[in-house]
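Below are the chains, spelled out letter by letter.
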Amino acid sequence: MITFQSLTSKKAIVAYTSWWAFWVFIHLYVLLGFNIAFKVAVIDSLLTNFTIYFLVLSFFYLLKYYQPQRENIFYMRIWTLLLAVFVTLFLNWLFKKIFYSNTQYLQFISQSFTIRFCYHFLMISFISLVIWVWNYLKEIQEGDTRKTQAEQLAKEAELNNIRQQLQPHFLFNSLNSISALAGSRPEEARKMIQQLSDFLRGTMRKDEQQLIKLEDELTHLKLYLDIEKVRFGHRLKNEILCDEESLSMLLPALILQPVVENAIKFGLYDTTDNITISVSSTVEENQLIIIVKNPFDPQTSSPKQGVGFGLNSINRRLYLLFARQDLLQTHSEKNQFITTIKIPQV
Amino acid sequence: MIKCVIIDDEPLARGIVKEYLDALPDFEIMQECNDGFEGVKAIMQHQPDLIFLDIQMPKISGFEMLELLEQQPAVIFTTAFDEYAMKAFDAHAIDYLLKPFSKERFDKAVQKWKDQRGNLDIKQKTDSMLDMVSKHHEEHQRVVVKTGSKIRIIPVHDVLYLEADDDYVRIHTIEGSFLKKKTMQHFEDTLSPSQFVRVHRSYIIQIAQITRIESTDKENHVAVLKNNERIPLSKTGYPKLKAVLGL
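Residue numbers (our numbering), protein chains in the order written: chain A, 1 to 346; chain E, 1001 to 1247.
It cannot be assumed that every hint is accurate.
Below, in silico cross-link-like pairs of lysine-lysine (DSS-like), each with a Cα-Cα straight-line distance of 30 angstroms or less [unchecked claim]: (1) A:K213 - A:K265; (2) E:K1103 - A:K229; (3) A:K229 - E:K1114.
Derived from the structure by calculation, the hints contain no laboratory data.
Could you put the whole structure together from the sequences, leaning on the hints where they help?
Structure follows, in structure tokens:
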């Protein structure tokens, strides 16, 4: 099979031109068989075939940008027919003008009107069919390429996702803490292994498309906070204040935890003091509102810096799920960095 | 006795280094530090033979902390960064322990340091490692400096301009100027080229601080900053600045 991509348009033009050159000779040969003078026969065959050549070419060049649907092939038939009629009438008129004194030829023209029309029609139909099939196959191929690309992108995104979920820095630091506890306080080490396992299991089991209750997301979040508290000891405190009503509201899985993770990182690494991360939730106008606060040092970091990659990907996810750009917002008040998430309840 | 200092922001992570060190003879832990600020103080006070240093810490990273020291100590990094990120260190013969690490791995690192102790090029090693790190890391968003015992973190957008000053670079900000033992080349390499331009052998200016460019005579130009300071532009600096400004 011909691969349509490898056939450049340059090659196509060459193929097309030689096809018509071939027909010029056939045409000439037939005319000479009818005892038409050589010079007249040459002009006739050249004019006839090149009229069709350019007409069809320009007509279908336009079609390149408008590939008719398979159902519309009927309209193409009509167009070919109209083109054939037009070409026949035009050539008839042209030849009568050019050879007005050649009575033998004029007579031949009138006699061969029907056969000429049939010839024009067949030629135009054939070429149009070839071009149509060509364009059709090309479109299929382009569709395939697009599909492959989309699949590849999806795969990459998935991989990134897994890498993101595993959070190597968090994981290895937690394992290091366990390693430290194992020597002196094996009971606590065992407990932390339990917490870490539960947390990881929760992360892996969740489908990101899935909506879950805030209550469940909070359970997952608490596991995370407990692990971080073991790591950072007295430096990290947290308070969770949630309206009773908000607990049963739905939100996309694994939205809250990365935001809190970001808040912890920002808070812990931007100050040397003890920090409190606060999470609160309310319901307003059938929207779940979650507010996460962390302290930062306005002197040394512009909050913009802290938004970072973590929040960008959350924003992107919220956009994909709800088609809104305004669901994640951040601002700072004094030395508090505040992240607000709105989740519309469907 | 071999004097050690442990610097890590996670108490349990310090604990494990301490535990492994306690099992070795001749090692004395002078101090455990929560962050780089404490680290700098402890190092100046105790002059340790060896420090165990975490990289990601509050306010200033392990690398930034080392930059503040006049005299580089021998360092073994303890980090949860992935191996790939740490690979570059191999060439500099400074050991790193990937968390969590075993007692055997720890002992090996300490033994390696002991073996190399005689060679007095440790300072040089640390210096070249820091140089490499600053080039590898993404563009710097801040500069950490030390004046007396005070450590300042200067966000780069607060910098007016940098001026060469013998072996140092003087960093001019709205709140005064600070010295840092680095080369102009270092700053030219690490600051964002869309934000800072080296306009002269001795000057790098922040583009956002320029209000206008004036010509002093036919050939010479100066950039006038928001605070009315005038910075000379060299023959190569002037067209470079014009190009960045899109003139």
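Verification of the supplied hints:
| no. | hint | in the structure |
| --- | --- | --- |
| 1 | A:K213 - A:K265 | 25 angstroms, holds |
| 2 | E:K1103 - A:K229 | 25 angstroms, holds |
| 3 | A:K229 - E:K1114 | 36 angstroms, violated |
When held up to the earlier numbered hints, the structure conflicts with hint 3 and nothing else.
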